[in-house]
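So the sequence lines, in the order shown, correspond to chains A and B.
Note that the first sequence covers residues 23 to 504 in my numbering.
Note that the second sequence covers residues 8 to 172 in my numbering.
Just so you know, the hints here were simulated from the structure itself, not pulled from any lab data.
A hint or two may mislead.
Beta-carbon label-pair distances, calculated as ranges [as the list claims (entries may be wrong)]: (1) B:P111 x A:E230: 38 to 46 angstroms; (2) B:E171 x A:S48: 35 to 43 angstroms; (3) A:E483 x B:L169: 40 to 48 angstroms; (4) A:E342 x B:A164: 50 to 58 angstroms; (5) A:A431 x B:Q69: 25 to 33 angstroms; (6) A:V485 x B:R63: 31 to 39 angstroms; (7) A:D57 x B:Q69: 25 to 33 angstroms; (8) A:V485 x B:R168: 21 to 29 angstroms; (9) B:E112 x A:D179: 29 to 37 angstroms; (10) B:L170 x A:D369: 42 to 50 angstroms.
Cβ coordinates follow ideal geometry from the N, Cα and C atoms, glycine included.
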Amino acid sequence: MSGDQHDPDRDAVDARIDALARERGSELRRPAPADGLAHVRTVRRRQQVVRTAGGVGVIALLAIGVNAIVTNDDGTVAPADSVVETSTPGTTEPTTTAAPTTTPGTIAGTTPATPPATTPATPAPTTTPVVDDAPNAAGDPSALYWWVGTDLQGNGDQTIVDPVTGAEIRTEPADANASMQAQTEQTARFVLRPTIDEANPAFSYRLESDGIGYGWSRRPSDAPPLAESDPDELALYDRCGQSELTVDGASSSVLPARVRNVVMSLDRQRLITIGGECPADGTLVGQTQYVAVDQTVQVFDARNPGAPGRALMTTSDQIEATFFSPDGRYLAVEQFTDQRYRVFDNDSGAEMAIAPEGCRVFGGRYSRFDGPWVGESTLVLSVNCPDQPSALLMVDVATGDQLRVPVPAGSGFPEVSSTDGPFLTVEVDVAHFDRMSNAWFTMCAATADRTTCWYGQPSREPVEIPGALEASFLPLGFTIGG
Amino acid sequence: MNDRELELTVLVSFEDFYRYQYPGLVAVATALVGSTETAEDMTQDTMVKALVRWGRVQRLEQPAGWAHRVLLNACVSWWRRRRTEGLYLARLRRTEPSVAGPSPEALAFWAAVRRLPERQRDAVVLHYAGDRPVADIAAILGVPEGTVRSDLSRARAALARLLEA
């Protein structure tokens, strides 16, 4: 049918759907709530908090972060060649660490945070390509798959490919449930999940270490709901969304009485609590609503809850995720507002510098849910630095070794870091990871109208994957949303 | 009045931006995530981000377009998080919602919209829920206006099949 010919039936259907869509759309539009503007301004003020603590200088950490974001928005970035850059400690002049976060005085039961010592220098990346002739000791990944479906809920076909030869093995419908199960089984190697009592109306979590049990709830067990919500969402509760922390099997405990979350290291030796002091009148919070209370991350000896802990950081931002390194020595914390990662040495309390000044570091593809760690102490992140293309960044926090893989030149991908979040999603094959120089990786760059994915190893040129929206390694089998 | 004063008089105040853009943003979010309360939270979060960067955002050619782009990204992130958290969160079931939300017919319609290809879905949500004109949608999504019209046309045809299935 030519463009000048009209199908009356088709036109009628089109008009009917158009009218229906307009009606359904108007149902969703609602006026701004009366107190909404005030709430936005309150949240904004809290993001500009200035802290002081006896004798320590005034710091406006978040304000500095915000300013840095604004500056980066207006900067321009020159394209760079697609080279793999590595660096090792001791090759550059020392740099200072990120501005320390002060704690609001000594927290009961803890020792004050040790002023961060100057950590090993964050070396500036070199431009020397890496040539790694050594075979991957853990073996090449069994397969690589990429997903081409466009359904937001993960329905579509996935193609399985041998990444070494590039040969297509098969194409099959994506199974989101199987993918999620594979993801859970794989990442259990790196993340210790609490046991969950789903039968308990309070929906309790529990972690154990050496006969000592730590229990807390998803919602406060002793506070009545203040407002109910949609059946698919958790109800809103007072007490800043915190619940009582119970400790059994120990003679004493100095852990905080109420927490938002508890995380334990894989070896069950260390434990961190996240929580803070709530306002006297309480605060309504929901699943995604901003928590109007300062949160402190503290690390304790999980085998001896009576021993004083150490405060690592305090923030007025919502803490999105925390993960111990597999060796338990470090803690990675992702903040909600700017989605950036901060890393701490649990023994000294020092904050580790993992990227040069002015760069923004974001999690990898699933780091918010399964952690950014691989190996014993290696982080897999994406990084946006001024005047440089976005890149996959691997950092061994213990040694300071880094490896940076920029988005290939000529990809058409905008090379300006975005304050709205990272455009680059990255992933490393954790199942076969033995060292950074051998790591198989995938990365996807997104613009408004297209997504481009690549895969490779540091010793190989990244290979573009036509038409893929996501690319992952089996047996992880991730799909979108999984 | 000097040039600076003139410039400031034509800039939108955040208050006006908030009140005028909120209905469209919350409608877009509701269409994409299917939950009224979550949509309101995400819209508020988007407005906080706008306020943080207001000095720059208000000088953009389309401040509303910026906000819609931020919201679209947030909705995608929400879907990813929700599927994973589904393993660890209980859903509290009630016999009836206490907060009035979209009709069942509307929920079913937007559930069908969410099955569309990404760009068609975004175009439909922005046009019919967000009430954005084609030119605005083209700017938000970074595509030509003709592409938006084509996507909307294809989307309507696809929805006709989905809704009649």
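Results for each hint:
{"no.": "1", "hint": "B:P111 x A:E230: 38 to 46 angstroms", "result": "holds (45 angstroms)"}
{"no.": "2", "hint": "B:E171 x A:S48: 35 to 43 angstroms", "result": "violated (22 angstroms)"}
{"no.": "3", "hint": "A:E483 x B:L169: 40 to 48 angstroms", "result": "holds (42 angstroms)"}
{"no.": "4", "hint": "A:E342 x B:A164: 50 to 58 angstroms", "result": "violated (40 angstroms)"}
{"no.": "5", "hint": "A:A431 x B:Q69: 25 to 33 angstroms", "result": "holds (30 angstroms)"}
{"no.": "6", "hint": "A:V485 x B:R63: 31 to 39 angstroms", "result": "holds (38 angstroms)"}
{"no.": "7", "hint": "A:D57 x B:Q69: 25 to 33 angstroms", "result": "holds (27 angstroms)"}
{"no.": "8", "hint": "A:V485 x B:R168: 21 to 29 angstroms", "result": "violated (37 angstroms)"}
{"no.": "9", "hint": "B:E112 x A:D179: 29 to 37 angstroms", "result": "holds (31 angstroms)"}
{"no.": "10", "hint": "B:L170 x A:D369: 42 to 50 angstroms", "result": "violated (60 angstroms)"}
Violated hints, listed in ascending order, are 2, 4, 8 and 10; each of the other numbered hints is respected by the structure.
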